[in-house]
Each structure stands twice: as structure tokens, then as C-alpha cells.
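Protein chains in written order, with the UniProt record's numbering: chain A, 1 to 659; chain B, 1 to 659.
For the record, the hints were derived by calculation from the structure and aren't laboratory data.
Do not rely on the hints blindly, as some may be mistaken.
Note: identical chains are not told apart, hence a pair may lie in one copy or across any two.
As the list claims (entries may be wrong) - Listed next, the in silico PhoX-like pairs over lysine-lysine satisfying Cα-Cα at most 25 Å (straight line):
#1 Lys-646 x Lys-466
#2 Lys-74 x Lys-88
#3 Lys-117 x Lys-495
#4 Lys-197 x Lys-313
#5 Lys-313 x Lys-437
#6 Lys-596 x Lys-633
#7 Lys-505 x Lys-437
#8 Lys-551 x Lys-539
#9 Lys-311 x Lys-271
#10 Lys-539 x Lys-254
#11 Lys-633 x Lys-121
#12 Lys-271 x Lys-633
No experiment lies behind these values; they were computed from the predicted model shown.
Number of protein chains: 2
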Amino acid sequence: SVNPDLAIERQTASFSVEKLTAWLDGGAEQTRMRRAVVEAIECDPVFSRENQYFESQNERYEAAVRKAVHLQKKMQEMGWTVNGPEFKYIYRAVSGDIAFLLHRIFMRSISVLGSDKQVAKWIPLATQYQLIGSYAQTELGHGTYLQGLETTAVFDVTTQEFILNTPKISSMKWWPGDMGRSATHTLVFAQLYIHGKCYGVHPFIVQIRSLQDHSLCPGIIAGDIGPKMNFEHADNGYLMLQNVHVPRENMLNKFCEVQPDGTYVRRGSQKINYFTMTSVRISIIADEVIIPLMKACTIAIRYSVVRRQSKLKPGEQEAKILDYQTQQEKLLPQLAAAYAFHFIYNYLEELFDKGYREIQIKNFNTLPELHAFSSGFKAMITQYCTSAVEICLRACGGHGYSLLSGLPSLYTRILASCIYEGENTVLLLQTARFLIKCFMATSAGQPVPPSVAYLAAAKAGKCPAKNKLDFLSPDIYTEAYQHMAVRLISSTAAKLQDLIQSGVKKHDAWNQCTVQLAQAAKAHCYYITVKNFTETVEKLETKAGIQKIMKHLCDLFALHGIFSNAGVFLHDGYISGPQMDMVTASYLDLLDVIRKDAVPLVDAFDFTDKSLNSALGSYDGQVYQRLYEWAQKSPTNRQMSPAYEKYLKPLLHNTLSKL
Amino acid sequence: SVNPDLAIERQTASFSVEKLTAWLDGGAEQTRMRRAVVEAIECDPVFSRENQYFESQNERYEAAVRKAVHLQKKMQEMGWTVNGPEFKYIYRAVSGDIAFLLHRIFMRSISVLGSDKQVAKWIPLATQYQLIGSYAQTELGHGTYLQGLETTAVFDVTTQEFILNTPKISSMKWWPGDMGRSATHTLVFAQLYIHGKCYGVHPFIVQIRSLQDHSLCPGIIAGDIGPKMNFEHADNGYLMLQNVHVPRENMLNKFCEVQPDGTYVRRGSQKINYFTMTSVRISIIADEVIIPLMKACTIAIRYSVVRRQSKLKPGEQEAKILDYQTQQEKLLPQLAAAYAFHFIYNYLEELFDKGYREIQIKNFNTLPELHAFSSGFKAMITQYCTSAVEICLRACGGHGYSLLSGLPSLYTRILASCIYEGENTVLLLQTARFLIKCFMATSAGQPVPPSVAYLAAAKAGKCPAKNKLDFLSPDIYTEAYQHMAVRLISSTAAKLQDLIQSGVKKHDAWNQCTVQLAQAAKAHCYYITVKNFTETVEKLETKAGIQKIMKHLCDLFALHGIFSNAGVFLHDGYISGPQMDMVTASYLDLLDVIRKDAVPLVDAFDFTDKSLNSALGSYDGQVYQRLYEWAQKSPTNRQMSPAYEKYLKPLLHNTLSKL
């Protein structure tokens, strides 16, 4: 039975939860399909995550492999294919807790970077799991800066082989998933040398383990990199190469080839490759960032209407903690952000689909813009959502700190998204470089991509708001964001130019501006997110109350941003002190409005109890009962600890005997 | 041998590291003693933390008990006593990774709340470990709000016993340390009922496990609450009581007693008890918050001069990542904060010692101030330092995310400090209540404690700074902080009064101001921290270069705060936009200055490699070598996973056979 404190929250929804769910999914048919996939996975005990919080790294790894192998069968059984419409829901259904994800990257890389011959040879082998692939790029000493990779592949004309080495300890491959224990093959990125000349980083297919008995191949030293903050299920690995020979055909050669005599030939455009990396960055945002935030909001908000603590009014029952302004101020902006980022993700996906179509017809003009967008949004969204999940965790007090709440693992996992697929600061600076370039171009009257045309259109002026209700106007706050983004970009561009004109060398000047450049890049992404949210709301039909509540969330997201980053809006007086008081008043008023729909708004994310895997966040709100039941399943309760016989008993009994 | 990239950083220190260490310790003699204790503990293999990152919750618990039992012997052997000067260094030496910490709280509570007779009976038993105690306050359904506890203790006149019950699932005791598996006794906090009347929460000594065989006593259901985000070594427990009888003498009765006929007698002042709770809050700040931040800074900064990535100048060697402005801006403010909080801790310790002396002579006047300070600073420092440790972790990229870096466990542990010993938002609001009260008093011309006398002294005016160098004047920035704190407190007080005058009920008005009240309380603590830092620097002798570098850190801490919270300084125009640009310029300049001494500044914290337990942070900077060596020790590398025989082999071989 549903806890009455949670049930009552669902009776007063201002909109249809089912209709909102369908809209979020992109239509009722998508919702139906998603539910069918999730149901099929969850009813299969092999995919159970019931014991996840109690398992060791070894157990988690074994379970992930078991699930990955079973998934192949399941897909055949269900008629799902990798390219079918159901596939995107599978990852959601297993919560990413599965092996062979790098095997997919291995295959994708070969498809994109391999010649037709290479694709014809390797893809069927990989598809049928005659081998298990991995992707060995990162080294102990090098991550985001790929040019610095130290692994070498020297072409030997006499044997027609590449000889691969990791010459120093820092050049050892480190972190690749599926490589520590599972992979038989991996794609090694190495500096290509021919006749003593370096041609830069290229990818080589290298077999690392025997297909017969899984033993390491000659010249290979490999293993697991040990415990991490999360991803216990993944066998992130290390790999040393000592004079490992691979045939000439194993260098992926769609775009460049080493001919038998050692002639290096580059052909076609590598830009498509660049596009792939860029689009991977976007694709992780949905699965690894936005969904985890939605889960965290669901858990924290449901718990906050079940948890009662202290009294809001003397003489009354203890209050639900979500009725405290401070708790609302912690959680509701994160809920609004989850929606904001879901919409910006849709926007980015569309942008990339369009970009991809352009690239297909050999138009590469949009690439710089797409790269700047994928970098900046990856950095901004991962950072925002990581903080947001942490806020949700803390907002649940002690019980949030229990693994059984589900929140710690959501947090430790989303945190990694700030680091992988490009370090966030590096990415923000790439976006900043694009923005500065565009700003200079507009200043010189040159055309720029539409998404940054606003850099030219900015007016000086002041915010025209006269009272707190004015700040519920999307025009008012969107313009404030735009003004702020332009100001940060233009003032940093000016600083950069001043430094250079005063004689500071270009790279030094750049370094001296990087703190502000990163801030400017974030401001740009923030502005686009707010603008996109308002446009999404506008396009909504007014039916079913959805537009109304989305408008509230959009206002909340925007005003929360102004409230929390007041300095950048106040700095040049665009928003005045008294206007900031109006922002604050409207912002705090909104908390009360959205609080009423808080539970329906998280229900609309439509997570099953199994996918939340949280004692605090279940649909029925039976929090305390579930915490107690789950705790009893802990291995710490399975038997009396050996510590008793070894240490406690002698301690207690010896001292007894001393008396 | 020391990595040359790290060694060179130590050659140019602008001050004597050894002298700074001694000053931080409170004198060279303290340094000597601390090192002796740490050395004695670390050379004893029983206390080794070498395998910590590889152990399960069960193994960690067993190790913690082993260490706790061994520590008793060690102390006898070394002649250390619980009240001796060495004791405070023991916790540092074992990094808190030890059992029976709640046993100490159990003893302290009996000493403070028990009658002489009770002290005489229980303290010797506990001291000699004839029992193991715990402290059962928190329940599944109640944490910070103690009045809401649901456990009952009903006095039965006929048997002269209390009958204890946890009537609902939510009243189960939940979280107490040492209780899940170790404790034989615990101090249960329960609502006292006599003849049907409730007398509020009182502490009762309850035996929960047999002293002979450790089995649970009749009416007791107890166990471990399962996995948490950290503290795997601690057996946080649950406890249900079903008609458990304890004799009348087991209620701690220094301040109140139930007489044989059921008469309830209250005697003396309970205020001293209140003081104990308050001082516990302060004592955790050093061990559980500031030291972890110092460790995180040591690890991240040493790593950042060893890690080279990308090029700062074309054609040169790859740059140390600490030479990038963005990396400096991540780490150096956290380093400055570690120093700032070390000094504010000294200040608070002194304040509490003075307060304690007053209380001894029955002067309780300082209690409200002490309570406000302990609450506000606990909240502000734990929150700040938790973010700071997270920044250090992220600043180390992928390797920071490995448990072997030591950073994940520092983070997951410090995070708990935001939650335990009073939830931070609740604490900030208690401080705010005190500040509002004092502000009203000064407005009415009444006297207030010296620490808040500034509330009356605030002038309107504007910041007088004319150029960026003016912002390196402690008077300039301290006054800015003071002005800002007063403004936030006074404007929130005004909002509160306006609401009440407009007819809003007092408790509703309070709730509607809580977001701003919490902000005001933090502003107060921030101001006091900056002021105390400037005073600490002023008092320093100018010798050995220490004052100079401390002045830089103080400036950095203060300007970082203004830069990052620009809105509250710009809001009323106290600092103007152009002045904020000066702040930014001075702030960024300081990064370059302090960067030169960054390594000596963390060396001065004087952590041994064993206490850091970090592959990234060791004194010799052999980062990559150590990561590789430690990874090889992981249980994930001990043998081939059963997953191979069970899943991988059939997968690889079956598909081979299918061809």
C-alpha cells in the first residue's frame, strides 16, 4: 500500500502525469515501447540489481559479464536489434550496469575508421563475439591531450609489420574499459613511425589475449587497474606492449595508409572522425547525466514528502520536510534543471542530426559550431548535474548517505562524467576559443553561425523589469542571460587583446584569461539552455496543464540561475540591486507553486522501483520498512563476524578474568 | 628517489617549511611529540592501511576492531593515556579508521550525565572493556529533531524498572556506531513516561548483548544497517526494543531522577550538557574536516606538479598542470581555505576553553554565543571543505577518481560531516536566530556579545578601494565582508518584520525567510573567518618568511570569497563593477604568487606517505610507478575471474563453433 503522505501528493496534480510522460518520451508509442523493453528486462532475474549494493568489485564484474552475455540471447528472443528502435531503452533498463560497452566502441571505431576490407573482416567477428574488443587510447600519463600519447608503432618494411611498444611506465595504456579482464582484442592508439619519422597518432587492432584459453599474448602485460569510486562492474584495464608485432593490415586505414614500401598516404577527410568523437560526447549526456539526475530528484522528492521532521507550526503534527523553504530551495531547482537539460538534449540531438546530414553531403561548415556546442554543453551539463545529484543526496540527510538510498552510487557515477570524454575545463576552453573567434568575426562584420549571432545583436541598456512579476516574463530573463553572456565574452576578448597589445605573448595572454574564458563559455551554454527552455514551453499546446507547469519550471530554472550567480548580472548594473530583490522574491514564490506538483513532476519521469533501486525512492513511499528489510540482507548481518572470536571475546573475557 | 619535477618545487620555498610546521602544531615540542606518536603507530603492522582500498565492509570492520583492541596494548606499552598529551595525535595517526569510538562517547556521556554512583559503577567497567558501549540516539524516523524521538521508557513502580520499547518501525534506533555488531551496552535515549505522563527524552543504559557469548539479550533485535558511502569499518547499527526491562538505577540521573514512588525530580542545571554537545561539534572540525582537506590539498598539489599535459608554449615540453591558471584557480583557494580554517579552529578552541572556564564557575552567559558559533561554523566549514575536497578530486582527472589516489575516500568521508552532529541547514538557522536576536538588541541599544558587536558598528558608505593593490589591504576586504554580513542580516530581519507586520504568522514568516537567513548566517561565519585570518597574520613575527606567505594566503582566501560570491558585495553597490574587476585582477595575480610556494605549503602539513595512503600524493612524487604497483595488488588481479569459465569462454568458443 502507498504511504498516505505520498498518496495525497498525487491527488492534486495540476496536469496529467501520463500525458507529460508521453511528451517527454516523444509520443505515447515511444512510452509503450520503452515500458515493454524495461518490463522484459526487469522480469528476467539475470538482470536483477537487487544485491548490487552488497557486492564486491569481483562480484560486480562477474554479474556485468553474465548480463552482457545473457543480453545477446535476450535480444534474439525478443527480436531486438542493435539498430532497432528498442535498443536505446535497453541501456536505461539495465542502468548501464553491464559489460562489453567498449566492445561497441571498438566496433564503431572500425566501422568509421576502417577500410571496407577491414570492416568486412572485423565487424562480423565482433558482432558474433568471436572476439571481445576494447579501445586503448588513454595512457597513465596522457588523457585529453591526445597528441602527447607515448605508445609507439614502428613500421618494419622487412616484415611488413608494426612493432608496438609502451616505452615508459607513463605510456602504459590505463583506464580502457573491458580491457582489464575481458577483451581479447583492443584498438591501440599509438604514434606511427616510418623510417624514423613520426606521423602522429593512429589506431591499430592488437590481439591481447588468446582466443583459446584467454592467456595473455606474447609481449602483452595487462590487468585490472583496481578499485574506483564507482564502475566496479567495469574491468578498466592497463596494458603494456613490449615489441608486439601486428600485420600492416591492422592499422585502420580508411583515411591514411602505410604502403608496403613505407610510403604514408593520407586520403579523404578525417573530419568525419572528429564528428564521431563530438557526437559521443552528446550521447552520454542523456544516459549518464540527465537520467541519473532525474532518478536522484525522484528519490529525494518522494522521500521529502514522507519524511517528517520538526514542527512548522506549534501544536501541529511534524511537517513534511518538503514544506520547509530551505528543502524546496535545495530540490526544486534541481528538478527544473532536469527538465531544462532534457530539452537542451533534444535540441542538441536535432542539431547533430542536421549536422550529420550536412556532412553526408560533404558540407563540413557546421563542424566548428558542433564541436563547440558538444564541448561546452558536455562540460556545463555534467558539472551542473553532478552538483545537483550531490544536493539531492545531502538533502536526504543520513539516509541519503546509505548506499541503500541509491543516491551515493548515482553521485559517484555521475561524477565520472565530469572527467571522461574530455576534461571539463579543457572542453570549456575549446568552446571559449570558438566564441572569441566568433565575437571577433561579428565585430569585424563577418558572418557567424546562427547560434552565436546574438553576439552581434546585443544592446547596451538596462533590464526593464519594474516589479517582481516582470521577472516571470521569458523575454525579460532571456535577455538578461543574453546580455550577461555577451558581456563576459566581450570583456574577456578585450582583456585578451589588451594583454597582447601590451606585449604579452599570445599563449601567455590566453593562459592569463582562462579562468574568465571558462566562465564565459559556461555563460553561453546557460543562455542557450534558458532560451531553448522558453522556446520549448512556447511551442507546447496549452492542453492538459502541461504548458503551465513547464512555464513555472522554466521560470524557476532561469531565476535560480540569476539568484545563484547574481554577481555576473549585477556587475555592470544591467540588473540593479532592487531588481535583484524582485528576482529573489519571484524565485522564492515559485518554490511554493512548484512544490504542489513536485511528486507528479518526478512521477512523470516514469522510473520503475527496480530501476531506481532505492529504499527511499520507491513509488509506494514505504521508506522505513524498506530500509529495514534491505539492511537485513547485508552480508554484514549474515553471520557473527570472526572479529568476535578473535578480538572481542578475548577482550571482554580477559578483562573479566582480571578482576 | 624524488621525482625531479617535485624536487625542484622544494628548492625555491620562500619560507622555512619546518618552522611553519612547528607553528601550525603550536610549537616544535608538539611537532616532535606528534611525529613520535605517528611513527610508533605507523611502524606497527597491525595499524597498516595498506589494503584498505581492496577490503570489503566485513574485512574493514574486522580490521577496525583488531586495531582498537591492539591500541589498548600499544598505549600501555608506550605509556600513553587517554588524558595524556599524546592522545590527540593517535586519532590522526590511525586516520580515524578504528573501532570503539562510540564507546568513548558512551563513557563521556556517563561522566557528564551520570550521578557519582553511576560514574563509580560504569566508568571502571568501560575503561577496562568489561563491556563495550554505544550511544543510541538517532532513530529511523528522527535525527536532528530530538524532541520527536519515539522510543519510550515507561516507569513501572511495582518492579522499580523502566520498560523500554521502540513502538513503531520508525522508532527503531538507526545509525549508532559500534552498535551493529560490537557493543554489549548502549545508551538509549527515550521518552520517559511515569504514570502516563511524558517527561521528555532521557538516557538509559541498556545491555543489548550477552557478556558471555555475545548473543542478543531478550527483547533485543539488533544488527548492522548495511553499506554506506564510507565508514565501512564502522558497524553502524539498528536496535529494536521489545519490552526491555532495565533497573531504575540505569537512567542517568545527575540532573533528574525518578524516585521509587515515581516522583520526578529535576536538579541542577542541564546547561552543561548542552555545552558538551556544542563542544563535540567543534572537536570534529579538526579531525574530520580540516585534516582531510589538508590531505586532499597535499595530494592534488603534489600531483599537479608531476603531471604534465599539453603545451603552454609552442615548442616547449608539456607543462606541469599547476602552471595553468585554471588549475591554480581550482587548487590554491582550497589550500588557502585549509589554512583559514586551521586558524579559525584555533580561535574556536580558545573561545570554548574560555567558555568552559566560565561555566565551571556557574556563569552560563556565554552559552548562546557558543552555541551559535559551534552551529554556524560546523555548518559553514563542513560545507566549504567538502566542496574543496571534491574540487581537489576533480582537479586530478581520471587518476583522482581511482580509489588508489586516496581522494575518493577523503571525499565520501568528509561528506558525512555535513550530515552528522546536526544537519547543516538546521544548524545555520540556529545561528541565524541568534544573529537576528542580537541585531534586534543592538537596534534597541541593548548590549550584545563582543563577537557580534559589529552588527551595531556598521557604517553605510562605499568601499574606498581605488586600484587593484588596495584590495590587498586587509582593512579594505575585512570591511567589505563586515558590510556584507550586516547587510544580509539586517535586510533579512527587515523582511521578517515586514511579513509579521503585514499579518503573516510568526512561524510562517520565519519559514519564508529561511533561505536568506541561512545565507546571512554563512556570511557572518565567513566574515569572522576572514577577520581572524588577518589578525593571525598580524600577530605573526616577520621572521622566516612565514608572515609574508600567510599574508598572501589570507588575501587569496578573502578575494576568492569576493570573486566567487560577487553578487552579495555588488548588490547595494558597496563594491562597484569596476572595483570587482580590481578584485578579480588582484585575485588572479595572487594565484601566480602562491603557486611558487604551493608544494612547500602542503609539505608543511607534514603528512607521512602512510597517512596520505595515496598513489598520487606521496612525498617522492613517483605517481605512475606507484599506481601501477598498487593496482597489481588488487584482488581483481589475483586470479582469473570465474566469469571466464562461466561466460566468456562459452561465448567465444560457441561462436567459433557456429562458424
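Going through the hints against the structure:
1. Taking the shortest alpha-carbon separations for Lys-646 and Lys-466, neither the intra-copy value of 74 Å nor the inter-copy value of 70 Å comes in at or below 25 Å.
2. For the identical chains of this complex, Lys-74 and Lys-88 are intra-copy neighbours only, at 15 Å inside a copy versus 59 Å across copies, given an alpha-carbon limit of 25 Å.
3. Taking the shortest alpha-carbon separations for Lys-117 and Lys-495, neither the intra-copy value of 52 Å nor the inter-copy value of 74 Å comes in at or below 25 Å.
4. Only between protomers do Lys-197 and Lys-313 lie at most 25 Å apart by alpha-carbon distance; the minimum there is 23 Å, versus 78 Å within a single protomer.
5. In this assembly of identical chains, the alpha carbons of Lys-313 and Lys-437 lie at most 25 Å apart only when taken from different copies (20 Å versus 57 Å within one copy).
6. In this assembly of identical chains, the alpha carbons of Lys-596 and Lys-633 never lie at most 25 Å apart, being 36 Å within a copy and 53 Å across copies at closest.
7. For the homomeric pair Lys-505 and Lys-437, the shortest alpha-carbon distance inside one copy (18 Å) is at most 25 Å, but the shortest distance between copies (56 Å) is not.
8. Proximity of Lys-551 and Lys-539 under a CA criterion of 25 Å is satisfied intra-copy only: 11 Å inside one chain copy versus 56 Å between copies.
9. Within a single copy, Lys-311 and Lys-271 get their C-alpha atoms only as close as 62 Å, which misses the 25 Å cut-off; across copies the closest is 23 Å, which meets it.
10. For a Cα distance limit of 25 Å, the shortest separation of Lys-539 from Lys-254 qualifies neither inside one copy, at 43 Å, nor across copies, at 69 Å.
11. With identical chains, the CA atoms of Lys-633 and Lys-121 are never at most 25 Å apart, being 48 Å at best within one copy and 38 Å at best between copies.
12. In the homo-oligomer, the alpha carbons of Lys-271 and Lys-633 never lie at most 25 Å apart, since the shortest distance is 53 Å inside one protomer and 42 Å across protomers.
Checked against the numbered hints above, the structure violates hints 1, 3, 6, 10, 11, 12; every other hint is satisfied.
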